[in-house]
Structure formats: C-alpha cells, structure tokens
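Use the sequences and the hints to build the structure in full.
Heads up: the sequence lines are chains A and B, in that order. Just so you know, full-length UniProt numbering puts 551 at position 551 of the first sequence, and the rest follows in order with no gaps. Just so you know, full-length UniProt numbering puts 129 at position 129 of the second sequence, and the rest follows in order with no gaps.
No lab work stands behind these hints, which were simulated from the structure alone. Among the hints, erroneous ones may be present.
For identical chains, the list gives no copy identity; a pair is met inside one copy or between any two copies.
To be verified - Straight-line alpha carbon distances no greater than 25 angstroms define the calculated DMTMM-like cross-link-like pairs of lysine to aspartate or glutamate that follow:
#  : residue 1 : residue 2
1  : K362      : E405
2  : K520      : D186
3  : K389      : E378
4  : K414      : D380
5  : K394      : E284
6  : K128      : E168
7  : K252      : D298
8  : K389      : E401
9  : K543      : E133
10 : K519      : E569
11 : K408      : E378
12 : K252      : D186
13 : K252      : E391
14 : K408      : D380
15 : K173      : D156
16 : K130      : E309
17 : K394      : D380
Quick caveat: nothing in here was measured; it's all calculated off a predicted structure.
2 protein chains.
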Amino acid sequence: MAAENGPSLGRLASVYSEVQTSRLHHALRLPSVLCSQFSLVDGPPSSATGNPDEIAKLFPNLFGQPSATLVPAKEAVEGKALKVGVVLSGGQAPGGHNVICGIFDFLQEHAKGSTMYGFKGGPAGVMKCKYVELNTDFVYPYRNQGGFDMICSGRDKIETPEQFKQAEDTANKLELDGLVVIGGDDSNTNACLIAEYFRGKNLKTRVIGCPKTIDGDLKCHEVPTSFGFDTACKIYSEMIGNVMTDARSSGKYYHFVRLMGRAASHITLECALQTHPNIALIGEEVAAKKQTLKNVTDYITDIVCKRAELGYNYGVILIPEGLIDFVPEVQKLIAELNEFLAHDIVDEAGVWKNKLEQESKKLFEFLPPSIQEQLLLERDPHGNVQVAKIETEKMLIAMVETELERRKTEGKYKGNFIGQSHFFGYEGRCGLPTNFDASYCYALGYGAGALLQCGKTGLISSVGNLAAPVSEWTAGGTALTSLMDVERRHVIFSSIFFSISDFALHKRNSTGKFKPVIKKAMVELEGAPFKKFASLRDEWAIKNRYISPGPIQFIGSGADAVNRTLLLELGVQA
Amino acid sequence: MAAENGPSLGRLASVYSEVQTSRLHHALRLPSVLCSQFSLVDGPPSSATGNPDEIAKLFPNLFGQPSATLVPAKEAVEGKALKVGVVLSGGQAPGGHNVICGIFDFLQEHAKGSTMYGFKGGPAGVMKCKYVELNTDFVYPYRNQGGFDMICSGRDKIETPEQFKQAEDTANKLELDGLVVIGGDDSNTNACLIAEYFRGKNLKTRVIGCPKTIDGDLKCHEVPTSFGFDTACKIYSEMIGNVMTDARSSGKYYHFVRLMGRAASHITLECALQTHPNIALIGEEVAAKKQTLKNVTDYITDIVCKRAELGYNYGVILIPEGLIDFVPEVQKLIAELNEFLAHDIVDEAGVWKNKLEQESKKLFEFLPPSIQEQLLLERDPHGNVQVAKIETEKMLIAMVETELERRKTEGKYKGNFIGQSHFFGYEGRCGLPTNFDASYCYALGYGAGALLQCGKTGLISSVGNLAAPVSEWTAGGTALTSLMDVERRHVIFSSIFFSISDFALHKRNSTGKFKPVIKKAMVELEGAPFKKFASLRDEWAIKNRYISPGPIQFIGSGADAVNRTLLLELGVQA
Numbered sequence: 001m002a003a004e005n006g007p008s009l010g011r012l013a014s015v016y017s018e019v020q021t022s023r024l025h026h027a028l029r030l031p032s033v034l035c036s037q038f039s040l041v042d043g044p045p046s047s048a049t050g051n052p053d054e055i056a057k058l059f060p061n062l063f064g065q066p067s068a069t070l071v072p073a074k075e076a077v078e079g080k081a082l083k084v085g086v087v088l089s090g091g092q093a094p095g096g097h098n099v100i101c102g103i104f105d106f107l108q109e110h111a112k113g114s115t116m117y118g119f120k121g122g123p124a125g126v127m128k129c130k131y132v133e134l135n136t137d138f139v140y141p142y143r144n145q146g147g148f149d150m151i152c153s154g155r156d157k158i159e160t161p162e163q164f165k166q167a168e169d170t171a172n173k174l175e176l177d178g179l180v181v182i183g184g185d186d187s188n189t190n191a192c193l194i195a196e197y198f199r200g201k202n203l204k205t206r207v208i209g210c211p212k213t214i215d216g217d218l219k220c221h222e223v224p225t226s227f228g229f230d231t232a233c234k235i236y237s238e239m240i241g242n243v244m245t246d247a248r249s250s251g252k253y254y255h256f257v258r259l260m261g262r263a264a265s266h267i268t269l270e271c272a273l274q275t276h277p278n279i280a281l282i283g284e285e286v287a288a289k290k291q292t293l294k295n296v297t298d299y300i301t302d303i304v305c306k307r308a309e310l311g312y313n314y315g316v317i318l319i320p321e322g323l324i325d326f327v328p329e330v331q332k333l334i335a336e337l338n339e340f341l342a343h344d345i346v347d348e349a350g351v352w353k354n355k356l357e358q359e360s361k362k363l364f365e366f367l368p369p370s371i372q373e374q375l376l377l378e379r380d381p382h383g384n385v386q387v388a389k390i391e392t393e394k395m396l397i398a399m400v401e402t403e404l405e406r407r408k409t410e411g412k413y414k415g416n417f418i419g420q421s422h423f424f425g426y427e428g429r430c431g432l433p434t435n436f437d438a439s440y441c442y443a444l445g446y447g448a449g450a451l452l453q454c455g456k457t458g459l460i461s462s463v464g465n466l467a468a469p470v471s472e473w474t475a476g477g478t479a480l481t482s483l484m485d486v487e488r489r490h491v492i493f494s495s496i497f498f499s500i501s502d503f504a505l506h507k508r509n510s511t512g513k514f515k516p517v518i519k520k521a522m523v524e525l526e527g528a529p530f531k532k533f534a535s536l537r538d539e540w541a542i543k544n545r546y547i548s549p550g551p552i553q554f555i556g557s558g559a560d561a562v563n564r565t566l567l568l569e570l571g572v573q574a
Numbered sequence: 001m002a003a004e005n006g007p008s009l010g011r012l013a014s015v016y017s018e019v020q021t022s023r024l025h026h027a028l029r030l031p032s033v034l035c036s037q038f039s040l041v042d043g044p045p046s047s048a049t050g051n052p053d054e055i056a057k058l059f060p061n062l063f064g065q066p067s068a069t070l071v072p073a074k075e076a077v078e079g080k081a082l083k084v085g086v087v088l089s090g091g092q093a094p095g096g097h098n099v100i101c102g103i104f105d106f107l108q109e110h111a112k113g114s115t116m117y118g119f120k121g122g123p124a125g126v127m128k129c130k131y132v133e134l135n136t137d138f139v140y141p142y143r144n145q146g147g148f149d150m151i152c153s154g155r156d157k158i159e160t161p162e163q164f165k166q167a168e169d170t171a172n173k174l175e176l177d178g179l180v181v182i183g184g185d186d187s188n189t190n191a192c193l194i195a196e197y198f199r200g201k202n203l204k205t206r207v208i209g210c211p212k213t214i215d216g217d218l219k220c221h222e223v224p225t226s227f228g229f230d231t232a233c234k235i236y237s238e239m240i241g242n243v244m245t246d247a248r249s250s251g252k253y254y255h256f257v258r259l260m261g262r263a264a265s266h267i268t269l270e271c272a273l274q275t276h277p278n279i280a281l282i283g284e285e286v287a288a289k290k291q292t293l294k295n296v297t298d299y300i301t302d303i304v305c306k307r308a309e310l311g312y313n314y315g316v317i318l319i320p321e322g323l324i325d326f327v328p329e330v331q332k333l334i335a336e337l338n339e340f341l342a343h344d345i346v347d348e349a350g351v352w353k354n355k356l357e358q359e360s361k362k363l364f365e366f367l368p369p370s371i372q373e374q375l376l377l378e379r380d381p382h383g384n385v386q387v388a389k390i391e392t393e394k395m396l397i398a399m400v401e402t403e404l405e406r407r408k409t410e411g412k413y414k415g416n417f418i419g420q421s422h423f424f425g426y427e428g429r430c431g432l433p434t435n436f437d438a439s440y441c442y443a444l445g446y447g448a449g450a451l452l453q454c455g456k457t458g459l460i461s462s463v464g465n466l467a468a469p470v471s472e473w474t475a476g477g478t479a480l481t482s483l484m485d486v487e488r489r490h491v492i493f494s495s496i497f498f499s500i501s502d503f504a505l506h507k508r509n510s511t512g513k514f515k516p517v518i519k520k521a522m523v524e525l526e527g528a529p530f531k532k533f534a535s536l537r538d539e540w541a542i543k544n545r546y547i548s549p550g551p552i553q554f555i556g557s558g559a560d561a562v563n564r565t566l567l568l569e570l571g572v573q574a
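See below:
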C-alpha cells in the first residue's frame with residue numbers, strides 16, 4: 001500500500017511504495033569527523049599516476065597540489081555562505097541523490113545562507129546555464145532514493161574552447177563558489193580540466209569531483225570504490241541467486257547471464273564472489289591470456305561435459321558485457337570488416353570472405369549464423385559494425401551448442417544442453433541504494449561541501465576506512481591530477497580536446513599529442529578479488545556451491561554488509 | 001558474509017547467504033485454528049463448476065463430497081502415526097519447500113511416529129517409486145528457502161492405465177496413508193483422478209492437493225490464491241520499479257518488459273498495480289476485444305506520440321508472455337503456416353504467401369522481418385511453428401518503430417524512440433518466499449496434514465481470510481471435483497486420458513469424449529483488479545505515476561503486505 005503523495009515538490013506526482021517511504025525516513029549517519037568541528041590537513045605534494053611531466057604541463061595551476069584529510073578541530077572553519085552548483089554526469093548509479101543531499105545538508109549546517117543549484121541534464125546544463133535552485137522541499141523526497149531524476153544526467157563533455165567559455169559564463173552569472181561534478185573516470189578528468197581552467201582564469205569557482213559508476217572501474221588507494229557498484233552488484237546477485245536455485249530445481253537449463261559493464265569485469269567478478277556460479281568469464285584474463293573465442297567456447301564446453309558426467313545438465317555462467325572487446329582476434333575481425341564493408345559488397349556465395357585474413361575468415365566462419373548476419377547488416381551511423389549490440393550470451397550458447405553436438409557425434413558427450421540467456425543491466429542502475437551506498441554517498445557529498453568551504457579545487461571527494469563502521473570512516477580529498485596519466489593520440493590533431501588544451505591551458509602544439517586521462521581501474525589478475533575467485537572456481541565449476549544472496553535488506557543483520565571486492569581489496573576478508 | 005556450511009544434509013554442500021540464514025531462523029506462525037486441538041466440520045454436498053452430470057460420471061466415488069473446515073475442538077483428533085508421501089509437480093514457485101515443512105511439522109506434532117516420503121522429480125518419482133525419506137535434518141535447511149530442489153519437480157502426468165497401476169504399486173509398497181500433490185490446475189486435476197482411482201481400488205491412500213503456480217491462474221472462492229504468485233510478482237515489480245526510475249532518469253528509453261505467464265495475464269496485471277507503468281497489455285482484454293496486432297501496435301504508438309508531445313521520450317510497457325496467444329488473427333496465421341509448411345516450400349520471391357488467406361498474408365507482411373524468419377525457420381519436433389519462442393517484446397518494439405517512422409514522415413511525430421527489451425521470468429520462480437508466501441505455504445501444508453489425518457481425500461488444501469493476520473486465517477479443504485468442468489475433446493479418442501478413464505474409472509466409451517479440467521482462472525474483465533487498473537491506466541499512460549516497490553523486505557513495516565490482486569479480490573482494498 002503506497003503512501004499517497006508524500007512530498008510536495010520535485011517528485012510532485014510521485015506515489016511512494018512502503019519501502020521507498022521507509023527509506024525516505026532512514027536516518028543517515030556521518031563519519032564522526034564530519035559530525036563536529038573539523039579542519040583540513042594537507043598531505044605531501046602529489047605527482048601523477050604516469051607521465052608526471054606531461055601532466056604537469058597540462059595542469060600548470062593544479063599539478064602537485066596535496067591531497068587533504070579532514071581532522072577534528074577545536075574551532076569551526078568559518079561558515080561563510082556559499083553558492084554551489086552540482087551536476088550529474090554519465091550513466092545512473094544508485095546513491096547519486098544522496099551525494100546531492102550530503103552537499104545540501106553540509107551547506108545547511110555549516111554555511112548558513114548558502115544557495116545550491118542543480119544543473120539539469122548533465123554538463124549540458126552547466127553550459128546552457130539550465131538549473132534548478134535546490135531547497136529543502138525539493139531535495140527531501142530524493143533521500144536514499146534510486147535514480148538521477150532529481151536533476152537528471154547527461155553524457156556531454158565540456159571540451160571545446162566555446163564550451164569552457166560557456167561554463168565560465170555560468171559560473172560568473174551564478175557567482176558560484178563551487179561546482180561538484182558527480183561522475184566516472186571521464187567526468188572526473190573533465191572536472192579537473194574545468195578546475196584548471198577556472199583557476200587559470202582566476203575565477204573563484206572551485207571544482208570538486210565525486211566517484212560514481214556501477215562498473216567499479218574508478219578507484220585507487222585513496223578512493224577505494226565508486227558509488228553504485230555495491231547496490232548494482234547486489235541487485236544482480238539477487239537475480240543470479242534466484243536463477244541458480246531455479247537451475248538446481250529444474251535441473252535442465254544452462255543460464256548464460258550477461259552483466260552490465262563494458263570496460264572492466266568488476267561487476268562479473270563481484271557477482272561471482274557473491275553467488276559462486278559454475279563459470280564466470282573475466283575479460284581481463286581473456287585478454288591477458290590472449291584467448292580466442294574458440295578457447296572460451298572450449299572452456300565452457302569442457303565444464304558442461306564434466307558436469308554431464310556427474311549428472312548435472314544445468315549450470316549458471318556469468319559473462320561480462322564487454323567480453324568480446326577483450327578477445328584480440330575479434331577486434332581484428334571487426335577492424336577488417338569495417339574496412340571491407342566500407343568499400344566492398346558481400347556476395348551470397350561467400351567469395352567475399354576470401355578478402356579477410358586467414359585467421360579472421362576462420363573466426364567469422366566459427367561464429368553462429370545469426371551473429372555473422374548481425375555483423376554484416378547492423379551498422380552504426382558511421383557505417384561501423386555494432387559490436388555493442390551483439391548479445392554475447394546468445395552467441396556463446398550457440399557456439400557451445402555446436403561444439404557439444406560435435407562431441408556428441410564423437411561419443412564424447414551424452415548429456416542434454418538447453419541454454420537460457422539473460423541480460424542484467426538497467427535493473428541495477430537505479431535501485432534503492434544499499435545502506436552502504438546511501439551512507440557512502442552522503443559522506444562523499446558532505447565531504448565535498450567541506451572541501452569547497454576550505455577553498456579546495458581539483459580534488460575528488462575521498463571517503464576511506466570503509467570496512468569499519470560509518471562513524472570511523474575518514475574523509476578528505478585527493479588531487480585529481482594525482483590519478484592521471486596521459487594517453488597518446490592515435491589521430492593527429494583531429495581532436496577537439498587539443499584545441500581546448502591550447503586555448504584553455506595555453507599550451508604549445510608540442511604537448512598537443514597527449515590527452516590526460518584517469519585510467520580505468522581494470523580487474524587486477526594479481527589482486528585479492530581475482531585471486532580469491534581463481535582459487536575457488538574449479539570447485540564451483542563441478543560442485544554446486546551456489547549462494548542466493550536474496551533481496552537487499554535495509555534492516556536486520558547483514559543490512560550494512562559491504563561488497564566482497566571492497567573487503568578483499570581492503571584486506572579485511574581473506 | 002556467508003555462514004559457512006550451516007545444515008548437514010540435503011543442501012549438504014550449500015553455503016548460505018546472510019539473508020538465507022536469517023530466513024532459515026524466521027519463525028513461522030500458524031493460523032490459530034491449527035495451533036491447538038481441532039476437528040473437521042463438513043459443509044453441504046458439493047457440485048462442479050460446470051457440467052456436474054459429466055463430472056459425476058467421471059468421479060463416481062468422489063463427486064458431491066463436501067468441502068471441510070477446521071474448527072477448534074476440545075479433544076484432539078486421534079494422533080495415529082501416518083505414512084505420507086509428497087510430490088512437487090510442474091514449474092517452480094516460491095514457497096514449495098514450506099508446504100513440505102508444514103506437512104512435516106504437522107506429522108511431528110500431531111501424529112508422532114509418522115513417516116514422510118518425498119517423491120523425487122515430480123510424478124515420475126511416484127510412478128517409479130523414487131523417493132527420499134524426509135527427516136528433521138533433511139528438511140530443516142529448506143525452511144523459508146526458494147526453489148524446489150529438496151525433492152525437485154517434474155512435468156510428467158499419471159495418465160495411462162499402466163501409470164495408474166504404478167502409482168498404486170508405490171502406494172501399496174510404502175503403505176501410504178496419504179499423498180500430497182503440490183501443483184497447478186493440471187496437477188490438481190491429476191491429483192483428483194488419482195484420489196478417485198485409489199478410492200475405487202479401495203486403497204487406504206488418500207490424496208490431497210495444494211494450489212501452486214506463480215501464474216496465479218488457479219484460484220476460486222475457497223482457494224483465494226495460488227502460492228508463489230505473491231513472491232514472483234514482487235520480484236518482477238522490484239525490477240520494473242528500478243527500470244522505471246532508470247527510464248525517468250535517462251529520459252531516452254522505452255522499456256518493453258515481457259513477464260512470465262503464458263495462459264493468464266495475472267502477473268502483468270499485478271505488476272501494473274504495484275508499479276503504475278505507462279502501458280500494460282492484458283491478454284484477456286485483447287482477446288475479448290478481438291484486437292489485432294495492428295490495434296495493439298497503434299495503441300502503444302498513440303501513447304508514445306502523446307508522450308512525445310509532452311516531452312517524454314521514455315516509458316515502461318508491460319507485456320504478458322502469452323500475449324500473442326490471445327490475438328485471434330495470430331492463431332489463424334500460425335495454423336495456416338503449420339498447414340502450409342507441412343506440405344509446401346517457401347520460395348525466395350515470396351509467391352508462397354499467396355497461398356495464405358488474405359488476412360493472414362496481410363498480418364504476415366505486417367510482422368517485422370526477424371519474426372517472419374523465426375516463424376518460417378524455427379519448428380518444434382512436430383514441425384510446428386514455435387510461438388512460445390517469439391520474443392514478443394522485441395516484435396512490438398520493431399512494429400512500433402515502423403509505425404513511428406511512418407508517422408514521422410507524415411509529420412505527425414517528432415520524438416525519439418529507442419526500445420529496450422526485457423524478459424523477467426526465471427528470476428521470479430525461485431526467490432526466497434515473501435512472508436506471505438512463507439506463511440501461506442506453511443499453513444497449506446500443515447492443513448493438508450490435518451485433512452489426511454481426518455481421513456479426507458480428493459480435497460485441495462484451502463486457507464482463507466488472507467487479508468487478516470495469519471492467526472485469523474481459516475483452514476480446511478475444498479472438494480477438487482467442485483472446481484471441475486469438462487472439456488470436450490477435439491480429436492476423437494486419440495488421447496491417452498480416455499483409456500485411463502475407461503480403465504481406471506470404469507466408464508463407458510460414451511463419456512470418453514469429455515475430459516475433466518480445473519479451468520484456469522483468467523483475468524476477469526469485470527473483476528476488481530482489472531477494473532482498478534482500467535480506471536487508472538489513462539492517467540498512468542500520460543502522467544508518470546511510477547512506483548518503485550524496491551526489494552522484498554522480510555522485516556519492518558510492509559514486510560507482511562499482501563499483493564494487490566488478492567486484496568482487491570477480497571474486497572479489502574478499493
């Protein structure tokens with residue numbers, strides 16, 4: 001039974017479910033350092049993750065600045081009223097609203113008389129100066145709620161000189177003291193460029209980033225995890241656990257579950273640690289071992305055969321969304337196809353295939369017909385093959401089926417195989433944040449407010465000691481430049497970026513060939529989460545060690561539990 | 001963090017999640033009538049749902065027997081030890097394990113020294129006498145857990161004379177006093193036939209049914225709902241709610257969500273009542289209004305266009321799995337295709353299509369190419385078109401896209417449309433049962449034990465007053481024959497069933513043309529749930545009234561809430 005029309009603005013017409021309502025009333029705890037008076041202690045000068053000389057050239061005003069930690073203090077930092085803007089950038093992640101609530105509450109409590117603006121629809125809102133003024137009535141209904149719908153997000157970047165100028169105009173018009181950019185690796189890189197630009201222009205507007213992405217690929221020592229990863233993985237794991245129980249109950253299906261996350265396989269790895277599937281493919285391992293699709297198919301098929309001998313004609317297999325991006329031979333085939341299809345025509349008889357290199361031709365013929373067709377027919381507006389549209393789980397089912405049929409005719413396999421495909425993606429991006437994500441985001445936002453008040457810019461809000469109770473968490477900011485490396489451009493001066501860097505950062509052409517990036521944190525094959533997985537997977541493959549995590553609970557034992565990846569990386573769990 | 005190896009048998013190698021463990025310890029309440037001494041009070045003689053004369057002929061030993069209600073009593077029913085078998089039949093539904101726990105606990109508490117057998121793999125286990133003896137250690141780990149893996153299920157039916165004889169042999173060999181059949185409409189019909197057969201053979205073995213199916217299509221006045229429906233709908237609604245928040249946040253996708261449930265659209269209707277989608281298609285309405293696929297496509301497209309005018313280029317649409325089974329023209333096309341493909345060959349030029357009737361040809365050409373191909377290429381082992389494999393959600397996306405393009409060229413639509421398809425099915429069959437399903441199933445099982453102890457056969461365990469607290473629920477049994485009607489056979493004497501009915505029920509050939517069935521309870525267009533939906537859908541279509549039910553909670557406010565369909569049908573909710 002829904003509480004008819006709770007709050008009055010923003011989600012004006014919304015009807016809340018009982019759980020949504022109870023989450024609205026869930027009291028958010030803060031790290032104790034944020035509960036009382038605090039001051040900021042700077043660490044030593046910072047460097048960069050790679051190529052510090054180049055980073056120093058790209059960020060002359062910011063490079064080298066120290067990271068900072070909040071510590072208890074006897075006196076309060078001067079509580080001047082601030083004007084602060086906030087923007088959500090990129091894909092949704094559970095907890096985004098709580099970052100905003102954290103900033104808002106900080107300003108209410110530590111900088112009375114402050115004004116807060118929410119830029120609408122992502123960075124485009126900053127450029128076009130489209131915003132909503134955030135007040136208590138407007139913000140309240142979003143506390144602990146999923147989604148980004150309070151101000152919505154967008155995928156634009158502030159890149160061209162004109163766009164930087166637009167952002168500057170907005171900052172000036174609204175007299176912004178601060179701008180908080182909530183986003184992933186790209187968005188935080190962009191935040192740092194804006195911070196550098198504003199500093200270079202002597203604007204008073206400071207810029208602070210916040211680490212957001214369900215993919216879990218924005219992290220480092222000081223930023224142990226990105227928000228949303230915990231909730232998304234728990235939602236997917238609930239579903240995987242249910243499917244596992246179903247597999248074991250009906251005894252006749254192999255469930256191939258593709259999980260969101262194109263670049264890194266953290267989600268798949270975390271879900272595997274939570275649920276113990278028979279197989280989980282990790283893209284980074286496939287790439288490191290230079291595996292082919294045939295290798296992957298054989299690996300799955302071997303396990304299916306072994307299980308059949310034990311009487312198990314069922315199983316659960318997890319697949320990262322970006323799997324085929326990790327397979328070198330697929331990349332090669334796609335490149336050849338893009339090249340070929342741009343100039344040539346596919347003939348029915350298949351003679352065209354002789355124009356592919358031998359290896360690529362072999363791979364193409366190994367692919368199931370439906371995938372072959374997809375590769376040839378579906379192109380993006382630039383005429384390129386749409387790799388992202390390939391339903392990898394269905395492709396693998398078809399390839400395993402073919403291989404099993406072959407083995408059956410050879411008398412090497414006597415089981416039955418029925419594949420069921422799943423894709424878990426959108427279900428996980430906007431769920432109600434777990435207690436962990438709710439608290440983590442609130443602390444990130446509250447801490448971002450504190451950093452702005454202390455006059456900091458070019459930092460990413462950093463909350464640490466996350467395996468401890470919330471009260472013991474640390475808070476502070478990490479220099480965004482310290483997370484950076486450069487990427488060398490493949491194309492000579494085709495990028496808009498370099499015109500900005502020239503214009504905005506007053507750099508010479510000679511530095512134009514480098515682009516600053518916060519490198520995505522990939523699954524480390526020597527890291528604790530992967531090693532834990534690798535030590536157990538052979539047992540999981542054959543014996544059924546399924547775990548059903550069940551639906552996320554907000555109260556009761558375990559409601560505050562943190563995901564495995566984080567605990568393993570923190571060395572708290574063996 | 002999982003409790004390493006809890007229980008010792010059955011789920012021997014299982015590791016339980018925190019939530020699974022906490023559910024294991026969740027204390028199950030019973031209706032107060034089952035907590036103390038009780039006796040059974042018979043109601044008036046019963047009839048049948050339809051064609052009572054035919055049902056009387058098919059069930060000479062059982063027809064007319066009264067339903068029975070458990071009432072508090074001063075003296076205990078004599079607690080003789082019993083031998084009881086239990087079998088799970090058909091698809092999984094959350095709560096099945098609790099029915100078994102209920103029977104088990106009843107025997108432990110009211111019939112000391114009893115023996116309980118679990119037949120393995122469904123009715124085949126009964127026929128082949130494959131069973132496991134259930135004891136405390138074995139049963140314990142399954143309390144409040146999802147799945148059917150304690151003894152597994154199967155889709156066989158006991159139909160031929162030989163099979164009835166096998167069941168008889170098993171009953172004799174194990175000296176069964178009772179057999180509890182947990183299943184859907186078909187399985188309960190089968191249970192009644194077995195009860196009749198055993199009674200006719202003067203066996204002491206009584207047979208009691210239990211109403212199971214996530215589809216919600218086994219229900220009547222005395223059996224207000226089938227177990228599993230509550231949990232499954234809440235799991236799907238959690239996911240739908242998340243997708244809705246995502247749709248509203250990103251503002252650029254139309255999510256087409258197909259929901260499990262081939263025969264009836266109860267799941268779609270319930271999920272709609274829980275989440276308020278922009279569109280929910282109800283198969284029964286499509287059939288009643290004799291709608292065509294073009295009508296359905298236009299209905300969706302009209303709403304997409306109206307929403308685009310309001311600036312909403314996103315939405316959520318729910319589709320019952322069995323939608324196209326409800327569209328008369330599709331049935332006609334399929335029949336023609338089956339006929340045609342059995343004898344003829346499809347030519348590339350498409351001349352073959354002239355052999356279809358005009359209306360069917362038009363429909364075929366209206367279908368998206370991928371669906372056309374699927375209809376022509378994918379056949380089941382009998383050579384028939386595999387309607388069940390059609391991904392209706394993708395088909396509708398393609399058809400709406402085409403129609404929108406047409407309107408765009410006519411200047412009638414200026415929006416953007418990107419469809420995302422989902423199928424929520426297996427995720428919902430084996431989740432941890434909600435508090436409602438956990439208690440309901442436990443009471444169904446406990447009550448089934450009581451019915452057996454009182455010497456009853458041919459009843460379905462019935463628990464009522466479900467809107468009240470568990471302690472006030474009623475318990476008893478409803479005559480299975482009273483739920484029955486007959487179906488006239490289309491094919492003359494081709495069915496195995498009639499040889500049983502002849503053999504087992506000693507009926508004449510003249511009755512052989514009827515088959516007893518418990519008719520599936522379809523969505524009633526005059527029923528309270530549909531009327532509620534129909535009164536609100538126009539508002540939901542245009543305004544965004546999305547509700548996010550969130551993950552199922554096991555403790556806290558709302559954890560005991562019952563689904564909308566049931567509350568509306570009970571007249572408790574307006």
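Structure-based check of each hint:
1. For a Cα distance limit of 25 angstroms, the shortest separation of K362 from E405 inside one copy, 19 angstroms, qualifies, whereas the shortest one across copies, 39 angstroms, does not.
2. Taking the closest pair of Cα atoms, K520 and D186 come within 25 angstroms of each other only inside a single copy of the chain (9 angstroms); across copies the shortest separation is 54 angstroms, beyond that limit.
3. Taking the shortest alpha-carbon separations for K389 and E378, both the intra-copy value of 9 angstroms and the inter-copy value of 23 angstroms come in at or below 25 angstroms.
4. Taking the shortest alpha-carbon separations for K414 and D380, only the inter-copy value of 21 angstroms comes in at or below 25 angstroms, while the best intra-copy value is 42 angstroms.
5. Within a single copy, K394 and E284 get their C-alpha atoms as close as 21 angstroms, which meets the 25 angstroms cut-off; across copies the closest is 32 angstroms, which misses it.
6. Taking the shortest Cα distances, K128 and E168 sit within 25 angstroms of each other inside one copy (11 angstroms), while across copies they are farther apart (79 angstroms).
7. For the identical chains of this complex, K252 and D298 are intra-copy neighbours only, at 20 angstroms inside a copy versus 39 angstroms across copies, given an alpha-carbon limit of 25 angstroms.
8. Taking identical chains as interchangeable, the C-alpha atoms of K389 and E401 lie at most 25 angstroms apart whether they share a chain (21 angstroms) or sit on different chains (17 angstroms).
9. With identical chains, the CA atoms of K543 and E133 are at most 25 angstroms apart between copies only, with a shortest distance of 24 angstroms across copies and 56 angstroms within one.
10. Proximity of K519 to E569 under the C-alpha cut-off of 25 angstroms is restricted to the intra-copy arrangement: shortest distance 18 angstroms within a copy versus 56 angstroms between copies.
11. Taking the shortest alpha-carbon separations for K408 and E378, only the inter-copy value of 22 angstroms comes in at or below 25 angstroms, while the best intra-copy value is 34 angstroms.
12. In this assembly of identical chains, K252 and D186 lie within 25 angstroms of each other by CA distance solely across copies; the values are 21 angstroms between and 44 angstroms within a copy.
13. For a Cα distance limit of 25 angstroms, the shortest separation of K252 from E391 qualifies both inside one copy, at 22 angstroms, and across copies, at 21 angstroms.
14. In this assembly of identical chains, K408 and D380 lie within 25 angstroms of each other by CA distance solely across copies; the values are 21 angstroms between and 39 angstroms within a copy.
15. In this assembly of identical chains, the alpha carbons of K173 and D156 lie at most 25 angstroms apart only when taken from the same copy (21 angstroms versus 74 angstroms across copies).
16. For the homomeric pair K130 and E309, the shortest alpha-carbon distance between copies (21 angstroms) is at most 25 angstroms, but the shortest distance inside one copy (63 angstroms) is not.
17. With identical chains, the CA atoms of K394 and D380 are at most 25 angstroms apart both within one copy (21 angstroms) and between copies (19 angstroms).
Comparing the model with each numbered hint stated earlier shows that all of them hold.
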